[in-house]
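Engineer: Protein sequence lines, in the order shown, are assigned to chains A and B. Count the first sequence with numbering that gives the first Met the number 0 and you get residues 0 to 446, in order. Count the second sequence with numbering that gives the first Met the number 0 and you get residues 0 to 187, in order.
All clues stand as given, with none of them false.
With a Cα cut of at most 20 Å, we get these calculated PhoX-like pairs of lysine-lysine:
hint, chain 1, residue 1, chain 2, residue 2
1, B, Lys45, A, Lys432
2, B, Lys48, A, Lys432
3, B, Lys159, A, Lys4
4, B, Lys116, B, Lys180
5, A, Lys432, B, Lys52
Some chain B residues flagged as far from chain A (calculated, every beta-carbon gap over 10 Å):
hint, residue
6, Thr60
7, Phe61
8, Ala125
9, Thr149
10, Ser156
11, Leu177
12, Lys180
These are computed hints drawn from the structure, not numbers from a lab. We treat Cβ as the ideally placed atom computed from N, Cα and C, and that holds for glycine.
If you want the building blocks of each chain, they are given just below.
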Amino acid sequence: MKKDKHPIDDFFREALKDHEVIPSDSARADFLEEASMFVRKKPYLRKWTISLSLILLFAILGTFFYFTFSNKSSKAYSPAENNPGTAENTSTVETIKEDGMLNAYPEPSQVNNLSVKPVKVFKTGVTMVDENISTVRKNEPLDEIIVNPQTVTEEMATESGLTSKNPEITSSVSDSLPRDTLSRSFSDLQELPAAKPDSIQNSIHLMIKSGVPEIWPEKEWKISAGLYYAPEWMFNTLEGTKPATNFGIEGTFRIGRYSIRTGAGLSITKGTNQLAIEYQDYLGSYMKLDSMTFAWDKQHYYLIPTYFLTHQDVFDSLMKLDNAKVIKRYTYLQIPLILGYDFLRYKKISVGVRLGPVLSILMASKKISGDYDPEKKQIISINMITPEQINLNWQILGGINATFRFSRRFGIELEPFAKYYLNSVYEYSGSSKPWSIGIRGALFISF
Amino acid sequence: MGGEVRVKYEIESLYDQYAPLLLGLCKRYCGNIEDAEDVLHDGFIKIIKNLDKFQERPSGTFIAWMKRIMVNTALNHIRDHSKERNVFSLDPYQEIMEMPDTGEEAPFGELDGVFSKALLQEMISALPPGYRTVFNLYVFESYSHKDIATVLDCSESTSKSQLFKARALLKKNLQSVLNKKLYQNEKR
Numbered sequence: 000m001k002k003d004k005h006p007i008d009d010f011f012r013e014a015l016k017d018h019e020v021i022p023s024d025s026a027r028a029d030f031l032e033e034a035s036m037f038v039r040k041k042p043y044l045r046k047w048t049i050s051l052s053l054i055l056l057f058a059i060l061g062t063f064f065y066f067t068f069s070n071k072s073s074k075a076y077s078p079a080e081n082n083p084g085t086a087e088n089t090s091t092v093e094t095i096k097e098d099g100m101l102n103a104y105p106e107p108s109q110v111n112n113l114s115v116k117p118v119k120v121f122k123t124g125v126t127m128v129d130e131n132i133s134t135v136r137k138n139e140p141l142d143e144i145i146v147n148p149q150t151v152t153e154e155m156a157t158e159s160g161l162t163s164k165n166p167e168i169t170s171s172v173s174d175s176l177p178r179d180t181l182s183r184s185f186s187d188l189q190e191l192p193a194a195k196p197d198s199i200q201n202s203i204h205l206m207i208k209s210g211v212p213e214i215w216p217e218k219e220w221k222i223s224a225g226l227y228y229a230p231e232w233m234f235n236t237l238e239g240t241k242p243a244t245n246f247g248i249e250g251t252f253r254i255g256r257y258s259i260r261t262g263a264g265l266s267i268t269k270g271t272n273q274l275a276i277e278y279q280d281y282l283g284s285y286m287k288l289d290s291m292t293f294a295w296d297k298q299h300y301y302l303i304p305t306y307f308l309t310h311q312d313v314f315d316s317l318m319k320l321d322n323a324k325v326i327k328r329y330t331y332l333q334i335p336l337i338l339g340y341d342f343l344r345y346k347k348i349s350v351g352v353r354l355g356p357v358l359s360i361l362m363a364s365k366k367i368s369g370d371y372d373p374e375k376k377q378i379i380s381i382n383m384i385t386p387e388q389i390n391l392n393w394q395i396l397g398g399i400n401a402t403f404r405f406s407r408r409f410g411i412e413l414e415p416f417a418k419y420y421l422n423s424v425y426e427y428s429g430s431s432k433p434w435s436i437g438i439r440g441a442l443f444i445s446f
Numbered sequence: 000m001g002g003e004v005r006v007k008y009e010i011e012s013l014y015d016q017y018a019p020l021l022l023g024l025c026k027r028y029c030g031n032i033e034d035a036e037d038v039l040h041d042g043f044i045k046i047i048k049n050l051d052k053f054q055e056r057p058s059g060t061f062i063a064w065m066k067r068i069m070v071n072t073a074l075n076h077i078r079d080h081s082k083e084r085n086v087f088s089l090d091p092y093q094e095i096m097e098m099p100d101t102g103e104e105a106p107f108g109e110l111d112g113v114f115s116k117a118l119l120q121e122m123i124s125a126l127p128p129g130y131r132t133v134f135n136l137y138v139f140e141s142y143s144h145k146d147i148a149t150v151l152d153c154s155e156s157t158s159k160s161q162l163f164k165a166r167a168l169l170k171k172n173l174q175s176v177l178n179k180k181l182y183q184n185e186k187r
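Construct all of the structure, not just a fragment, from the sequences and the given hints.
Structural biologist: The following block contains the structure:
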C-alpha cells in the first residue's frame, strides 16, 4: 500500500530521527541491578541442572551396572556354567540331577587323606534325598555357608547309607570319580566334568541352586500404590523463577512394560500479586453544607437557622502511583494421568519414559503477607502488574523414571521431569507460558 | 566469576550506548518519562535475554532489532494501560476535526533550527495516546494503516482518522509556537 507523504511527517521524522533522552540514574541503576541478577542466575541454574542430571545419570547407570555385574559374578559359582552335563539342574529347583554333585563329593575314605579346606559356597542350596526318595531333607537356603567337604561327604555318606547300606552304589560312586579329582580341593568341584546320570540315580540326590539371578514370578499385570514428593522449579513466569512443592498419593497399573499412573496430590506455591495503585492523597476534611432551614422566633424576632451538614474528605488533584505486593500461597489439586514405558527391566531396577497430562485445580489461596492499606488515600484505579493465579491449568509432563525394588512389594521411584504449562498460570496475562523442571521421588507398594 | 564481571560490563556498555536513543523512542510512545523509563527497562531486559537469538539469526541491524523490541514493548505497555486511559478517546480534541487541512501552507522543511528536538518531542508526547501511537507507527516505523489496524486491533479508518487528527494538532501547535517566536522577534 502506497503511503501518502506529508510535510509534517517528514519534518518530525527528520528532526527526531536520532533524538536521545538520557535515562535517569535511578532507571539505570534499576536496570543494571536486575540485569546483574539475570546474569548471576543463568550460570548458576545451568550448573545446577547439569549437576543434578549427571548425578541422576550416574546413579541410574551405577545401579544398572551393579546389578548386572553382581548377577554375572554369582553365575561364576554356578556349576551349570562350568559343567555342561549339569546344565539343567541350575535353572530350576524342581530338576534334581544327582550326578553332578555326586562327582563333586569324593569317596570318604579317600577324602580323609586329603588336605582339604573349608570353602565358601555362595547362594547355594543343597538338597539330599535318600535312596527311596521317601524323605527329603532340604538344607536351609544358603546365602553363604562354610562347607567342610570332609564333614559333608562323611555325613552324606552316612546319612544316605552310601557306605553301609548300599556298598554297590558306594563303589559305583567311587568308580565314577576320576582319580585326579580326588587330589583337588573342594573349591574346584564346580569345575569337575559331569558324570553320567545313570550311574547314581538311586543314591544321593543333590541339587545346587545356581547363582543365576532369581526371577520373581511376574504377573501379566500389577497394581501398585504409593506416596510421592516432587519439588519443582518454574521458569518464564511474571515473577521469574519460582519453586513449587508437590506431594500426594498415586496408583500405578502396569501391564508388562507399559504402565499408567494417576492419583491426587497437592501442589503448593507462593505467588506475588503486584499491584500498581493510582491514588490521590488525602488533604483533610470539612463539613459540607447540604441545606439549611430557618425557623422564626416570634419572641425574639429572630430567624433560627438549622444546618444540615455532611462530612467531606478532600483529596489532592494530583494523581500518584504506588506499588504494592501481596504474597499469597496457592494450593492446587493435581491429577496426573501419566503413561509409561520401561525400556530397561531387570530384577531390581527398571528404567523408562513417562509422559502425560496433569490437571491442576486451585483449591485455596491464602494471603501470607499483609494486605495493601490505602489509609485515607482515594484509590483511583488498581492495576494488576502480576495478576492472581489461574483457577485451572493443564500441563504436559515428560520424564525419565528409574524404579528400584527393594523386595517384591516395596520400592522407590526417582523421576526427573520437565513440565510445559499449556496455559498461563495467571488469570490474565500476555506473558508466555511457563515451563518447569523437577524431580519426583515416590515410595510404592505393589499388590 | 571473571566471565560474570565481563558480561555485566558488556551489559552496562550496551545500556550506556543505546539507552538514550531508545529512551527517546519510548518517550515518543509513552508521553511521559516515567512510563518511558519503565518501557526502556522492560525492553532492555528482553534485549539482554534474547541477545543470543539475535546472534544466532541476525535479521537486519542490531539497532533496528532493538528498536523493534522497544516498539513492541511500548505497544504492550500502551495496550495494558489502554482500558483505564482510554487510548482512542476523541473527545478532548473533537474540535480539531473541523480544522481544514490544506497540507501545503507550512514549509516545515525550512524550519530546521527553529524548533528544538526536545520541543518537538514534547509536542508528540502531548498528543493523546491514540493519536500519538498511530503517528509514531506511521511516521517513524513506516507502518501502513493496515499494519497499524492489526497491531492496535482497530479499523483502518480509525487509524487514518487518528493520523489526520495527530497531524492537525501538531500543525496547530507548530504554528502557535512559530507565531509566538515571530511576535517575540518583532517586539525586539
